[in-house]
Each structure stands twice: as structure tokens, then as C-alpha cells.
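Chains as they are written, first to last, in my numbering: chain A, 1 to 258; chain Y, 1 to 279; chain F, 1 to 264.
Don't read these hints as lab results, they were simulated from the structure. For glycine and all other residues, C-beta sits at the position ideal for the given N, C-alpha and C. Accuracy of the hints is not assured; some may be wrong.
Stated by the list, open to error - Listed below are the simulated SDA-like cross-link pairs for lysine to any residue, each with C-alpha atoms no more than 20 angstroms apart in a straight line:
hint, chain 1, residue 1, chain 2, residue 2
1, A, Lys99, Y, Pro199
2, Y, Lys125, F, Ile251
3, Y, Lys118, F, Ile251
4, Y, Lys125, F, Pro46
5, A, Lys10, A, Glu184
6, Y, Lys125, F, Pro11
7, A, Lys99, Y, Cys270
8, A, Lys99, Y, Asn187
9, Y, Lys125, F, Ile238
10, A, Lys39, A, Glu190
11, A, Lys148, Y, Glu171
12, Y, Lys118, F, Val23
13, Y, Lys125, Y, Ala108
14, Y, Lys118, F, Pro11
15, A, Lys148, A, Glu184
16, A, Lys99, Y, Glu171
17, A, Lys99, Y, Ala196
18, Y, Lys118, F, Ile238
19, Y, Lys267, A, Ala97
20, A, Lys39, A, Ile21
21, A, Lys183, A, Phe243
What the hints assert, rightly or not - Negatives, chain Y to chain F, calculated, CB over 12 angstroms:
hint, residue
22, Tyr59
23, Ile133
24, Leu265
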Amino acid sequence: MDQPATTIPKIRCEDISKEFIQKGRQRVHVLDHISLDVKENEFVVILGPGQSGKSTLLRIIAGLETPTEGHVLIDGREVEGPGPERGLVFQGYMLFAWKTVLGNVEMGPKLRGIPKKERRETAAHYIHLVGLDGFENHYPHQLSGGMKQRVGIARAYANNPQVMLLDEPFGQLDAQTRYFMEKETARIWETEKRTILFVTNNIDEAIYLADRIVTMEGKLPGRMHVVYPVDLPRPREHTDMAFLKLRHEITEASELTL
Amino acid sequence: MVDVANEVQKQVREKRPFTVMTVLKNRWFLYAVSVAAFFLIWDRVAIARVFSSGLPRPYEVVLQLWSMMFDPLAGKSLLGHVWASTQRILIGFAIASLVAVPLGLMMALNRYVNAIVKPLFDLLKPMPPIAWISIAILWFGIGETSKVFIIVIGTFVPCLLNAYNGVRLVEPELYDVIRMLGGNRRNEIIDVCFPAAFPAIFAGLQISLSIAWTCVLAAELVSARSGLGFIIILGMNLSRPAMIVGGMVIIALVAWGMTLLVTGLEKLVCPWKREIEGL
Amino acid sequence: MAYEYVQVKTPLVLRLLPVLSIVLFFGAWQLVVDWGIVPSTMLASPIQVFQLFLVKWTEVNPDGGLLSQHIWTSVQEAFIGYLLSLLVGIPLGLAMGWFVVVEGLARPFFEMIRPIPPIAWIPLTIFWFGIGLEGKVFIIFLGGIVPCVINSYVGVRMTNPTLIQMARTYGATDWQIFRQICIPSALPMVFGALQIALALCWTCLVGAELLAADSGLGFLITMGRRLALPDMVLLGMIMVGLTGAVIGVIIDYFEKKLLAGIRR
Numbered sequence: 001m002d003q004p005a006t007t008i009p010k011i012r013c014e015d016i017s018k019e020f021i022q023k024g025r026q027r028v029h030v031l032d033h034i035s036l037d038v039k040e041n042e043f044v045v046i047l048g049p050g051q052s053g054k055s056t057l058l059r060i061i062a063g064l065e066t067p068t069e070g071h072v073l074i075d076g077r078e079v080e081g082p083g084p085e086r087g088l089v090f091q092g093y094m095l096f097a098w099k100t101v102l103g104n105v106e107m108g109p110k111l112r113g114i115p116k117k118e119r120r121e122t123a124a125h126y127i128h129l130v131g132l133d134g135f136e137n138h139y140p141h142q143l144s145g146g147m148k149q150r151v152g153i154a155r156a157y158a159n160n161p162q163v164m165l166l167d168e169p170f171g172q173l174d175a176q177t178r179y180f181m182e183k184e185t186a187r188i189w190e191t192e193k194r195t196i197l198f199v200t201n202n203i204d205e206a207i208y209l210a211d212r213i214v215t216m217e218g219k220l221p222g223r224m225h226v227v228y229p230v231d232l233p234r235p236r237e238h239t240d241m242a243f244l245k246l247r248h249e250i251t252e253a254s255e256l257t258l
Numbered sequence: 001m002v003d004v005a006n007e008v009q010k011q012v013r014e015k016r017p018f019t020v021m022t023v024l025k026n027r028w029f030l031y032a033v034s035v036a037a038f039f040l041i042w043d044r045v046a047i048a049r050v051f052s053s054g055l056p057r058p059y060e061v062v063l064q065l066w067s068m069m070f071d072p073l074a075g076k077s078l079l080g081h082v083w084a085s086t087q088r089i090l091i092g093f094a095i096a097s098l099v100a101v102p103l104g105l106m107m108a109l110n111r112y113v114n115a116i117v118k119p120l121f122d123l124l125k126p127m128p129p130i131a132w133i134s135i136a137i138l139w140f141g142i143g144e145t146s147k148v149f150i151i152v153i154g155t156f157v158p159c160l161l162n163a164y165n166g167v168r169l170v171e172p173e174l175y176d177v178i179r180m181l182g183g184n185r186r187n188e189i190i191d192v193c194f195p196a197a198f199p200a201i202f203a204g205l206q207i208s209l210s211i212a213w214t215c216v217l218a219a220e221l222v223s224a225r226s227g228l229g230f231i232i233i234l235g236m237n238l239s240r241p242a243m244i245v246g247g248m249v250i251i252a253l254v255a256w257g258m259t260l261l262v263t264g265l266e267k268l269v270c271p272w273k274r275e276i277e278g279l
Numbered sequence: 001m002a003y004e005y006v007q008v009k010t011p012l013v014l015r016l017l018p019v020l021s022i023v024l025f026f027g028a029w030q031l032v033v034d035w036g037i038v039p040s041t042m043l044a045s046p047i048q049v050f051q052l053f054l055v056k057w058t059e060v061n062p063d064g065g066l067l068s069q070h071i072w073t074s075v076q077e078a079f080i081g082y083l084l085s086l087l088v089g090i091p092l093g094l095a096m097g098w099f100v101v102v103e104g105l106a107r108p109f110f111e112m113i114r115p116i117p118p119i120a121w122i123p124l125t126i127f128w129f130g131i132g133l134e135g136k137v138f139i140i141f142l143g144g145i146v147p148c149v150i151n152s153y154v155g156v157r158m159t160n161p162t163l164i165q166m167a168r169t170y171g172a173t174d175w176q177i178f179r180q181i182c183i184p185s186a187l188p189m190v191f192g193a194l195q196i197a198l199a200l201c202w203t204c205l206v207g208a209e210l211l212a213a214d215s216g217l218g219f220l221i222t223m224g225r226r227l228a229l230p231d232m233v234l235l236g237m238i239m240v241g242l243t244g245a246v247i248g249v250i251i252d253y254f255e256k257k258l259l260a261g262i263r264r
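So here's chain A without its partners, still in its complex pose (with noise of 0.2 angstroms):
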């Protein structure tokens, strides 16, 4: 059957399960069967409470683990080892603490091979709409964590991915810079769309970014809980009527699987 190509997902999952070795000696089983489709520009968030699976599901989709039974479909083209067209963005930040800002953001240019002026070019357009103007000669330690984020998400876009994952990556920084890279992330993504897969474990966050929250059981191993879509005009208050039902809905349901 001909399938016309708007409603091939950009993302799918299909039936994953995940079991990790831990040191020599546990196996741990993660993640049980998920299933998830996302579609292109797509912004979806997965929510979920600590150890609930939800990271190593991005892993999994970034490429850098495989799982233990069923595959990821990018653009219809099965995942089979980390690159290029899955942009990463890392909790820890992980920036190169040798490089500048500029050096940091070019790297996945570079390491296509594209020639030097094109690749400053892109990455000062991104570290432009990352709003970090003016700080491309600065190094890492001299940045706060508001900003190494920043730069971090400028390096995943610099590459020009299909598909943007960010793994937890406002979780260590305080409530206020949070709000506001929760502005900036959702500016950047009005400004430059791509499919978005968001991990977080702050339902405020899920609400606020998403065009759809899938959340997780609080246990291992995860599965699938209850998938919300979010149909709040943008920009989005955090005091709105139909957010706050929103996210009394999602608190509820939340604490009866914990």
C-alpha cells in the first residue's frame, strides 16, 4: 500500500526494550516495550520522575545504546550507531573544556570536512540564536551554567541535525535561569524548527515546551504511561487557567504510579 509521505513519522520506536549489565553482576531490565511515534517539528516531551528509563530511551534513539529488542526508525532508516543527523544535548553540558565557544559549536562542521569560513559562518549563527553574541572567544570555565547550556544547544543545532535530543538539560541549573532557558528553548525552536525530544522530570517544563507529553511510570522497568497533547497557544503562561488544569491532571496522575 502506497503511503503518502507526510505520515511517515520523523521519529518511531518501535517496541523497544532495553536490559543493561550492571558491574558484572545485575542485570537491569529498563525499559518494556515502548512504542512512540513522533512526527516532524514535532516538539515532544517525555516526563517521568529519576530512574524511571526516560534517558536511556534518548540514548537509545541517539544511537548510543542499542536496544535489547526492537529498533528506531528515523525517517523511515533504522538507528544503528551514534551521528550526525541526531543532535545531542547533555545534562552535564559536556562541552570541550579546551576549545572556545566558537571551536565548541563548529566541531560537528569541522568534523564534516566543511571548509573553514563556511563553518564560522554557521556557527556564529548559532551561537547568534542562542543569544551568546560577543562571547565567541571565551572559554567554558568562564561561563555560567545558563550559558555552557546555551552553547551546548548551539553545538546540536551547528550540525544541522533531523531530529534534536535533549537529555535533562536544564536539570542543573537554579529555578530562575531554568525559567528562563525554558523561554529561550522555546524562541530557538519557534525561530529554527526541528523535531524536538525532550527528556525532563519537571512537569511545569513538559507543559510549558510540548506539543505532546508522554510520561513514564515511575518504576523500573519503564513503560508507557499516559500521552497528554498540549494544545496551549504559544508563548505559554505558567499562571493560565488551562495550564494549571494541565498540570494538576499530570500531577495526579503522576503520583498514583509512584
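Based on these hints, arrange chains Y and F on the given structure of chain A.
Chains Y and F alone, transformed into the frame defined by chain A:
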């Protein structure tokens, strides 16, 4: 542009009130007092002939050093001897690091290399490099080779250890980053492993340097015709304490100077290395 | 069920390689001497060294002492010097870390002594003390004191400032804070110094004995060289390494017992 979130880390200084107690307790004042007292006591003790064989007065030492700078000693000026010792250190260190650093990196990256090399390394590690002097002389005679050999042996261990540990301490997620950006195994090693391990490798330099000094001096004390160790043993043989102490002062100055150089080099090459407060 | 227990084995090759490596090393060494690739005046085979080892327990010649005497002399000198450096260095370093007056007065002196490798003191020491016990102990003492002072100093400086502030809110005096908070907090660093100082002391011992001794392992090595007996040289070297390692293990044992509760 929101400036609130763009805070770059800066240092802050405190100001303290100015009283007699603060002066007395001030670090720099005490340093000055200490240094002055040191030289005074030295002078007094030297005059009083507490050490019957002779402790030279500071003034005598200075005179001796001055004369050594211009009158050649065993064919070399003072600077010539300094260079002789330094040269041995540089050559020995270069050879050692050229072998040890890549070996350490390979050991940390490849389990098989590790399994082969590490047991040999653990076997040879407990032997102090100085213990090798005698066998080195048996093998190479009393020329330059045996001295450089000792320095190579001595600096090999810290260089290797630091390269090894430097790689082992690299955050594994950094490798993930380079993979996600499109890098392969080669990129992992060249673009992540080596730069990330570099501060640790450099830290090995400082330790290697002090070991190298010990080795070169020991080798020169046993048998040499030039170098700083030669100066002090000559002073002993000629019963000229001013020469001995003078030589020791030069050794201290040169060693200190080289340490400063390496520290400065480190700041230049690895500006991102974080500092722990200490000596 | 989320957790399950499973065994993972290291591949056999990886377990065998270390053993193979060592066997090959000794084998090559033995063969190099047996086949005359290196003249026997320059290198002795492992078997020859071992034979000498056995002989030296009872044979006094040609260097004038039994192996046990040499070991005892070396260990004795090292131990005295080591203890002295601990007893002087650690309190000094701790005090320097806390009391500005102590630091101000002691530090320049220390910084001047520090760049001079202890080996450099040997000629001066021989000149003053001759080649007896005192001279060697002095060198070893100098060798061990530097890491003791530095580690104790850094240990105190690294005390959690919150703990100090907390103590001040209870009205503790400087001395009380020093004794009750800084010193216990610095203990892990101090214990770290024990091993480093030991290694340095042992190195200084060998250096001192190379030049001026009539007994001891370093003396054994030098005699071997003078008499052109490579097996004696190698025996001395190996015994130096072995004894140093054994002492290190003993210190490590005490360290683990004393630090049982405190995490590094």
C-alpha cells in the same frame, strides 16, 4: 538580549581594616622578618664556628659565586655547568616522554596493551631510579650516556602514569559527544582523548622535573666532570664549603626557575585547568 | 522483574597476557646473558642473581657484610629519618595551614629549602658529619619533610569553610577550631603524605648510601660496581625495590586501618 543570564565568573576581593596587629600578622611582613632572621642567624652561626669544618658566611658564598661566574672551573664557567646539567635533563626528559606518553595513552585505550605492559611496569616501579646508577655506569661508562640514561629511567614512570591516568579520567560522555557530532574512533582519540588528558600529562611534567633534578645530581655526584653536582662534590673534595653552599644555592635557583617556567607554560597551554589553593 | 544477577567473565587472553609478559621478560633476560649477547661483565642473569641472593645470607665476602646486615642498616636509617620527618613535618605543616604567624615565619625558609633536591645536601653533609648514621638520617629527613609539610598544609587549607564558620558561631577559639576541626579534616591528606614521604625517603637513602657508606643496600650496589660484579649490583637493586615495596605495603595497611571510617 537578556544580560541577567549572561554572568561571566569573576573574582571578588575583600578589604580589611589597618591596625598594628594586622601589620604584625600580615603575611608579607612576616615573610620579610623570616628571611632577614634567616640570614642573620646564618651569619652568626658561621662566625661562631658551630660547625667546626666550616659554615661559610653568606657573604663568602656570594663572593664564591661571583668568581665562579667569571673564572672557569674545570674548563667551564658557572653558566657552562648550569647548561651541562640542564642539557642532560632536557635530553633525558625528551626521550622519556616521547616513549612514555604514547605508551601511557595506548595502555589506557587498549586493554591488551595494558595487560602486557602493566605487570612489567609494576615490577620495575618500586626501584628508585638512583639505584640504577651503578648498573648504568657498568653498561655505559662514566660519560654522558649513563647520566642521560638515569634521567630517562627516572622521568619515565611519572610521565607514563600521568598519561595513563589522564586518559582514564576523561569523562566518558565526551566521547559520546564527538560521536554524535559525526566523529569516528580516530576523532575520539585525537579530538577528545588527547586534549582532555593534556592537563594531566602536563602535571606529570612538574613531578618529572624534580625527579630529573635528583637523578642528574646523583649521577653527577658519583662521576662527572661538569655540571652542578660536579661543583658541589668538588667543593667537598677541596674542602671549600663556600663552593659547596654556593653550588647548592645555584641548584636551588635553577630548579626554582625551571619550575616557574613549567608553571608558566602550563598556564599558557592549558588555560582551562582549574586551580586548587596550595603551595 | 527489574533486577537479576548474571556473571560476566574477562576473556581468557586478557588473564593470560600479564603472566606471559612477565615470563617472556625473565626468559629474555636469562637468554641474553646465557647466549653472550651481553657480556657477563655487564649483566647477570636472573638465576645468577638468585644464587647470589641465597649465598649472601651466610657469606660475608666480598663486600664485608651479610645480606641481612645490609637490609637492617638501610631499613634502620630510613626508618629513623622517616619518623623524624613525620614528627617535624606534619605538625609544622598543619600549623602553617592555620596560623598566619607560623606560616609567615616558616614559609620563606621552607620555600628556600624546597627546590634543593635532598641529594644536593650530600656533599655538605659528608663534609660536616662524615659518613656515619647522622649524616644519612639528615638527608633522609630532608627528603621526607617536604611532602609532609605540603600535604599537611594543603589538608588544613582544604577544610570546609562552612565547618569553620559553624564552629565560630559556637564561640570556639582559634586553637579549638584548629584541634577539633582542621586537624581531623586534614587527616586524609596527611596520610597521603605518608606514602609519598616514604618513597622519597627511600630514594634519598639509596642516594646517600651510594656515596658514603660501609654498609647498607646502596653500599652493596656501589661495591658491586667497584668490583665489577653485576650480580651484586642487580641483587642490591632488586632488594632495594623489594624492601621499599614491602614497607609501602605495611604503611598502606596501617593507613587503611586508621582511616577506616573517614572517606577520602
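Checked hints:
1. A C-alpha spacing of about 14 angstroms is found between Lys99/A and Pro199/Y, which places the hinted pair at or below 20 angstroms, so the restraint holds.
2. With a C-alpha separation of about 17 angstroms, the suggested pairing of Lys125/Y with Ile251/F holds against the 20 angstroms cut-off.
3. For the hint pairing Lys118/Y with Ile251/F, the CA-to-CA distance comes to about 23 angstroms; that exceeds 20 angstroms, so the pair is violated.
4. Restraint check for Lys125/Y and Pro46/F: satisfied, since their Cα atoms lie roughly 18 angstroms apart, inside the 20 angstroms limit.
5. Annotation: proposed proximity of Lys10/A to Glu184/A is violated, straight-line Cα distance about 24 angstroms (limit 20 angstroms).
6. Of the pairs offered as hints, the one joining Lys125/Y and Pro11/F is violated, with about 27 angstroms between alpha carbons and a cut-off of 20 angstroms exceeded.
7. Proximity of Lys99/A to Cys270/Y is assessed by CA-CA distance (about 10 angstroms); at most 20 angstroms being required, the pair is judged to hold.
8. Proximity of Lys99/A to Asn187/Y is assessed by CA-CA distance (about 15 angstroms); at most 20 angstroms being required, the pair is judged to hold.
9. For the proposed pair Lys125/Y and Ile238/F, the alpha carbon gap of about 11 angstroms is at most 20 angstroms, so the pair holds.
10. A hinted pair counts as satisfied when its Cα atoms are at most 20 angstroms apart, and Lys39/A with Glu190/A qualifies at roughly 16 angstroms.
11. Restraint check: the Cα-Cα separation between Lys148/A and Glu171/Y comes to about 17 angstroms, which is no more than 20 angstroms; the hinted pair holds.
12. Restraint check: the Cα-Cα separation between Lys118/Y and Val23/F comes to about 14 angstroms, which is no more than 20 angstroms; the hinted pair holds.
13. Using a Cα cut-off of 20 angstroms, the hinted pair Lys125/Y and Ala108/Y holds, with the two alpha carbons roughly 17 angstroms apart.
14. Proximity of Lys118/Y to Pro11/F is assessed by CA-CA distance (about 17 angstroms); at most 20 angstroms being required, the pair is judged to hold.
15. Among the hinted pairs, Lys148/A with Glu184/A is consistent with the structure: their alpha-carbon atoms are about 14 angstroms apart, no more than 20 angstroms.
16. For the hint linking Lys99/A to Glu171/Y, the alpha-carbon distance of about 16 angstroms falls within 20 angstroms, and the restraint holds.
17. A distance of roughly 10 angstroms separates the Cα atoms of Lys99/A and Ala196/Y; the hinted pair therefore holds under the 20 angstroms criterion.
18. A hinted pair counts as satisfied when its Cα atoms are at most 20 angstroms apart, and Lys118/Y with Ile238/F qualifies at roughly 18 angstroms.
19. Between Lys267/Y and Ala97/A the CA atoms are separated by roughly 14 angstroms; this keeps the pair inside 20 angstroms, and the hint holds.
20. For the suggested pair Lys39/A and Ile21/A, the alpha carbons sit about 33 angstroms apart, so the restraint of at most 20 angstroms is broken.
21. Of the supplied pair hints, the one linking Lys183/A and Phe243/A holds, its CA atoms being roughly 15 angstroms apart against a limit of 20 angstroms.
22. Consistency note on Tyr59/Y: stated as away from chain F, and its beta-carbon is indeed over 12 angstroms from all of that chain's, at 17 angstroms minimum.
23. Ile133/Y, annotated as away from the interface, has a beta carbon of chain F within 12 angstroms; the closest lies near 6 angstroms.
24. Interface exclusion of Leu265/Y from chain F stands, the closest Cβ pair being 17 angstroms apart, more than 12 angstroms.
Comparing the model with each numbered hint stated earlier shows that hints 3, 5, 6, 20 and 23 do not hold.
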